[in-house]
Amino acid sequence: MPRKLVVKRGKKLGAAPGTLVHIGDHAQFECTTSVVVYDQENLQIRENVTPQTCHELLALPGVKWLDMDGVHQAAAVKEMGELLGLHPLVLEDILNTDQRPKVEAYDGYLYIVLRMLRFDQTNHQIYSEQISLILGKDYVFSLQELPDDMFDGVRARLREGRRIRFMQADYLAYALLDAVVDHYFVLLEKLGDEIEALEDQLIIEPQPTTLRRIHHFKREMLMLRKAVWPLREVLNQLSRDDYPLISEETRLFMRDVQDHSVHVLDTIDTIRELLVSMLDLYMSSINNRMNEVMKVLTIIATVFMPLTFIAGVYGMNFEHMPELAWRWAYPAVWVVMTVVSAGLLLVFRRKGWL
Amino acid sequence: MPRKLVVKRGKKLGAAPGTLVHIGDHAQFECTTSVVVYDQENLQIRENVTPQTCHELLALPGVKWLDMDGVHQAAAVKEMGELLGLHPLVLEDILNTDQRPKVEAYDGYLYIVLRMLRFDQTNHQIYSEQISLILGKDYVFSLQELPDDMFDGVRARLREGRRIRFMQADYLAYALLDAVVDHYFVLLEKLGDEIEALEDQLIIEPQPTTLRRIHHFKREMLMLRKAVWPLREVLNQLSRDDYPLISEETRLFMRDVQDHSVHVLDTIDTIRELLVSMLDLYMSSINNRMNEVMKVLTIIATVFMPLTFIAGVYGMNFEHMPELAWRWAYPAVWVVMTVVSAGLLLVFRRKGWL
Amino acid sequence: MPRKLVVKRGKKLGAAPGTLVHIGDHAQFECTTSVVVYDQENLQIRENVTPQTCHELLALPGVKWLDMDGVHQAAAVKEMGELLGLHPLVLEDILNTDQRPKVEAYDGYLYIVLRMLRFDQTNHQIYSEQISLILGKDYVFSLQELPDDMFDGVRARLREGRRIRFMQADYLAYALLDAVVDHYFVLLEKLGDEIEALEDQLIIEPQPTTLRRIHHFKREMLMLRKAVWPLREVLNQLSRDDYPLISEETRLFMRDVQDHSVHVLDTIDTIRELLVSMLDLYMSSINNRMNEVMKVLTIIATVFMPLTFIAGVYGMNFEHMPELAWRWAYPAVWVVMTVVSAGLLLVFRRKGWL
Amino acid sequence: MPRKLVVKRGKKLGAAPGTLVHIGDHAQFECTTSVVVYDQENLQIRENVTPQTCHELLALPGVKWLDMDGVHQAAAVKEMGELLGLHPLVLEDILNTDQRPKVEAYDGYLYIVLRMLRFDQTNHQIYSEQISLILGKDYVFSLQELPDDMFDGVRARLREGRRIRFMQADYLAYALLDAVVDHYFVLLEKLGDEIEALEDQLIIEPQPTTLRRIHHFKREMLMLRKAVWPLREVLNQLSRDDYPLISEETRLFMRDVQDHSVHVLDTIDTIRELLVSMLDLYMSSINNRMNEVMKVLTIIATVFMPLTFIAGVYGMNFEHMPELAWRWAYPAVWVVMTVVSAGLLLVFRRKGWL
Amino acid sequence: MPRKLVVKRGKKLGAAPGTLVHIGDHAQFECTTSVVVYDQENLQIRENVTPQTCHELLALPGVKWLDMDGVHQAAAVKEMGELLGLHPLVLEDILNTDQRPKVEAYDGYLYIVLRMLRFDQTNHQIYSEQISLILGKDYVFSLQELPDDMFDGVRARLREGRRIRFMQADYLAYALLDAVVDHYFVLLEKLGDEIEALEDQLIIEPQPTTLRRIHHFKREMLMLRKAVWPLREVLNQLSRDDYPLISEETRLFMRDVQDHSVHVLDTIDTIRELLVSMLDLYMSSINNRMNEVMKVLTIIATVFMPLTFIAGVYGMNFEHMPELAWRWAYPAVWVVMTVVSAGLLLVFRRKGWL
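Residue numbers (our numbering), protein chains in the order written: chain A, -9 to 344; chain B, -9 to 344; chain C, -9 to 344; chain D, -9 to 344; chain E, -9 to 344.
Chain A on its own, in the form it takes in the complex (with noise of 0.2 Å):
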């Protein structure tokens, strides 16, 4: 998933909606999906699941999470999509993944587009991965692009029995979304760290290497708030319609979740507005910098340029120039040159430029 500006969809130009074609990079890894299925007293996590198997889970009684890695194998999201009957542009839009965030409601479940944010501090980029959420009413189905450990945190409190268990699957949703936004915290305080060490290094000693930074910065953050900015909305609307699915007690946690996406937009924006300071400061100290040595050469210019004169003037051959054989000339000439540089300098005083 290198991060790329555009990124193609070219292969399904002129292809019927509903084509399914893995659209994205292809990982060279099998497709694998675990399940759990759980209740107040019953646990059951069951990892490389066949669809079969799935099958049979599903008819069990409490809340199923079925959670797949890696959407490149177009079949096996097909037969999942069968499984659970899902509408042909839900399917679609998992294996195209480039979604931008949203929620639609469809019937008897909700799909939800994430995208998860990466912050590889090798290459200082971020990478961006489409995460999808379908909640039906006893089961959420999950499908990443990568295999992942960000679900983890999620997978323990089920372990260990605590109140996620004595809830409904818009609850696990719930847990799966904050998951994803709690991550953004840490991709921002990497980035905010960064950031600020640059802040510092630009206050000490800019450097033309500190602009390609704040550039390559920018280029960060609008990525980034191109993918958080829909977030906000599709969590408004988990927290405030009327999705019959969601029920009145998780949408006060789904409330708070997206009061946390409105904090990391608020961030982003606050980064961008500093970052565009920390550019204008950049500006200002390399014109500052430049005046600096245009003031050097302009002091020098100034002294030495009359003094060379004089000595030109004197260095030249007329054979009738009276005062070459004055006996106190040339002790003279080097108070008129002394005289001369040390006005010039009182005045560059005067001017504040020493």
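Since the hints were made in silico from the structure, they are not lab data.
One or more of the hints may lead you astray.
[To be verified] Per the computed footprint, the stretches of chain C lying under chain D, defined by three or more beta-carbons under 8 Å from a beta-carbon of chain D, are: (1) 19 to 27; (2) 127 to 141; (3) 151 to 159; (4) 312 to 324.
[Said to hold, decoys possible] Below, a list of computed lysine to aspartate or glutamate pairs in the DMTMM-like style, where the Cα atoms sit at most 25 Å apart: (5) Lys180/B with Glu263/C; (6) Lys216/B with Asp246/C; (7) Lys216/D with Glu179/E; (8) Lys216/E with Asp97/A; (9) Lys180/C with Glu263/D; (10) Lys92/E with Asp259/A.
From a predicted model like this one, the values you see are computed outputs, not experimental measurements.
Beta carbons: idealized from backbone N, C-alpha and C, even for Gly.
Starting from the structure of chain A, add chains B, C, D and E where the hints point.
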């Protein structure tokens, strides 16, 4: 359709609304109409249909798709318009090919205006073409300014007897809208690639032409945004409002296209902000380079001006210059000059200029 | 009506609302009124009508169009106002010719204010004129500040007995509004052509005057936007709100003009952003040129300062300078100087300055 | 009332709401109250009225206008407030003279806060003063910070027995609001004239002080906008909302003032954007001039450095310099120098620097 | 609570909502709670109250105000939370002290989050602290991160038996909100004074540190805006929405605080725009100075280079230079040099450079 900032509307001045004159560039080809009549079982494709035949075909059962290439022959358009009973204002808007995208409900049909954009990679320019769609109860009448293969994908799907054959005229309209919006992604992908190449060039080695290219892309983005922005509103209306001509099911699909159009706009805005940041980067790097140049100049001048002055002093022809006769005066002057220049270079190193 | 940033309203200070004094430049011609009375069969055009005759003509059946050129004679306007029973505030607004575009519903009539814009190509300035329209049940009363041929197209269509003759007064009002908005396109086309010429000049060879012209156009766009922006709202109200004086059918036409006004605004905004981008381009290209100039200076100084220094050294008059007596010293100095300057030029080429 | 960025509110800290202390600059004059009682037939004007007399006058039939100059004597304001039965929060807001414009409905009266702006042409600064209006059923209580002739026009109209005498208290409130907004136009006209003069100066001959003046005007516009922006909302409410104290007829007039306030805001925004454009123009023209300066320097240096070098070469004292003895060497050197400088000037002309 | 761009939330990652861990800097003092119980007649103030005593005091009649200083001891907060029956999410938000201001209605109480800002004049930085308010039917529970004298004014008014003693718990909440917003004015006043001092310095004599200070203030304003912006919405809800816990009368007072918060935001925005304008002024004045410097350099170089060249010419050692032997050659050269330099200075004066 060369790209102009403001398209001439002059001809219409003072004319009554409903005066049918084609406003736009007059193309050099014959306007032709093809008709596709289809239902689940049958499919009939007719090229180069006369209005008379159209009239007959319209009476057939099934969905009728009338596709007209070229709107520069006002008479042909008018004849078709009368056949379908279109309002004079609609015909006028079809002929004036610089409309903003919009949807207008008339008695018994919807009039949808879109703009098709094509990127000519030879001269790096975007060309814009007006697409008009009339969605009636059992027909779609589409008009393009130029013969084009844009709708070939839709035609292929009709021929293959896919889902589209089971749906009504509103789904056909959706398929055409979807084809247009999909082309925007192709366009953006090409532009995005060029802009990223430019960005790389900017970071490695900015050049005067870089600046012009940034300006050029900003201009393109302005034109693009102007074309796509109102489209979002059009698709929003089509997917929300209660146009009885669009079924509940098709509305779901319209929502999907609307989603894509928002995605297009997001991408345009991101590119625009990136271009602004690239310009800042360019400006700063020019300033950086000038700073570099100035430093070289200042160092050279500051080192050599005092030396030249010293040489000038001992080039004077005064009769009484005791130093001239000293035995070690010449080497001593060299020592002084070496010390002076070494001292100055040390100062520059301290200032971080070397 | 010379263009001023803020138009004087001083005279009115402290005056009661409804005090009728014309505020604006006092034109040097007589205010004249022409009346057109028409229905499907008959058309009667009367020029230079007295208020008395107006009174009689208003009693006739059919649609009455009263067109007054010049509003600088308050008494004439007042007399007409009383004839039609207009509110004192309306008369005041007609005379104070710096109103923002607006529509106001009064008992039995609508009061519409527009601004007509003309571009004087001699001094490249936009002039603004206030157009007032009173739409009554069976009459339209239009007032312009200057005699003008702007409504000639409408008059021609009335004479030719076209559709307008079959419609009511509201359609006449629409025709007049449409004529005004169409003139904006003429204006924008002229401006657009000039700006594109300026853009070409900017890319080929920017000049100090380019800058002033960009500023000039920015200023024009500001004035233009200020005039057109509220018009959109006016037309929006006329096409949506339930003014009983405007029939359902005419509302369709009003929607069309509103569309055009949005198009005008889009174009203004696009031009404004283009001007901003042009200014950036100009600034950068100046900086580029300065960079160029500085490089030439630095190269020259860096090459010749060391050479001049060397020449200066051997121009010194010390008695003990062994080199001076050497046989091949002079050619050797030439060799040294050639090597030094070649070396420096090589360094510059490496830096990419040559 | 000197203009400050943030007005001190320190005194109120920790105080209960409703603690009546005047916050603002303490003026040096006595607070005085004048009362006008009028109806269609009678008009009674009393200056320097005591609260006791006020009490008696308020019992009279007709409209009562109480106008208080100076609010720095908290006791006097409090006494009047109790006479009219005002809420403690209202009294507090009257005394804290840095309120934003607002309208608040209380039981039986409306409390309207405005800001009066005056432009002092001596030091080119805008001063801001708080105007409070209490509109009761049959009275208006107006409070200004300073004695002023702003409401003299209204007083004159009352004396002349014009329409205002036939209307109720709400119309009087309108007349006072109108007087305030009209003063904004006077202010803007003065500012507009100064800014246009500055613009002319900028184009003809920019100066360092120009920059400070642009900054100064930008600052003024910021303060102005801050004062006028909320006023628009206030007038909007007065012309739309269902305040029973304002009759349907007066609402029409209120709509008119609201229109004017929007016009004021439009003008402020236009001026602000113009100032931004002027700053750009200034920056660019400085850069242009620097470019000009650099070119002169570069041409001079480029022409004279080689010449000086040549002269330096033949000023060397080597014993074996064959050229020195040649008969035509001296004229030949002049020829060489002429050719070199002519060639360089030609190069500069080619580059367009001359 | 040192100011950071992004506050760490890392600890919570993967934790269930409702896990009570204090997130923020761990202060070094004991969390203490004071309780005030009051009605019209009685007032009881208790410091350092244990939860047990709290429980008893809550059972008393009258309004109870529980004020807790320090939230870093999760256990203490949790105990109080359980005493009052607060939702786990509320407790979590109280402990995570980087919430955005918000108001949330729960069963039987309102949860209000505010941010208190303090300006440390030693290091010119703004510190931010979270204030949580729980408004129940007859109690207010307030939590601050640090012991502070901010609410001392409210305490004093309670002691003095003023109006606040006659009101309910909602009015107490209002009094606390009002105290917080009033502190913003203190903060802004201090900042405003510093910024105006900086502005004066900028106009009189800009310095490199000026730039950093502008950047510093811009950063502070960003943080400030981020804290105050959502507060406006909170207060808006409290003054408009139908929270049954807030009486009609208190709502009037809430409207007043909301007014103040809008005023705070207006001021922040004005300051921000002023800072932008100051930066422009700074940049331009640097450019102006550089222009000044360049002019001096150019004048000096242009005057002395030709003179030095002339002197160099007559310093050449050709045997055949007839001028050298002329009687008046030396004075003639001086005349030529004077004329040349005078001519150049005249040119510069014409150009306005002198």
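Evaluation of the provided hints:
no. : hint                   : result
1   : 19 to 27               : violated (count 0)
2   : 127 to 141             : violated (count 0)
3   : 151 to 159             : violated (count 0)
4   : 312 to 324             : holds (count 9)
5   : Lys180/B with Glu263/C : holds, 23 Å
6   : Lys216/B with Asp246/C : holds, 18 Å
7   : Lys216/D with Glu179/E : holds, 17 Å
8   : Lys216/E with Asp97/A  : violated, 40 Å
9   : Lys180/C with Glu263/D : holds, 23 Å
10  : Lys92/E with Asp259/A  : holds, 19 Å
Comparing the model with each numbered hint stated earlier shows that hints 1, 2, 3 and 8 do not hold.
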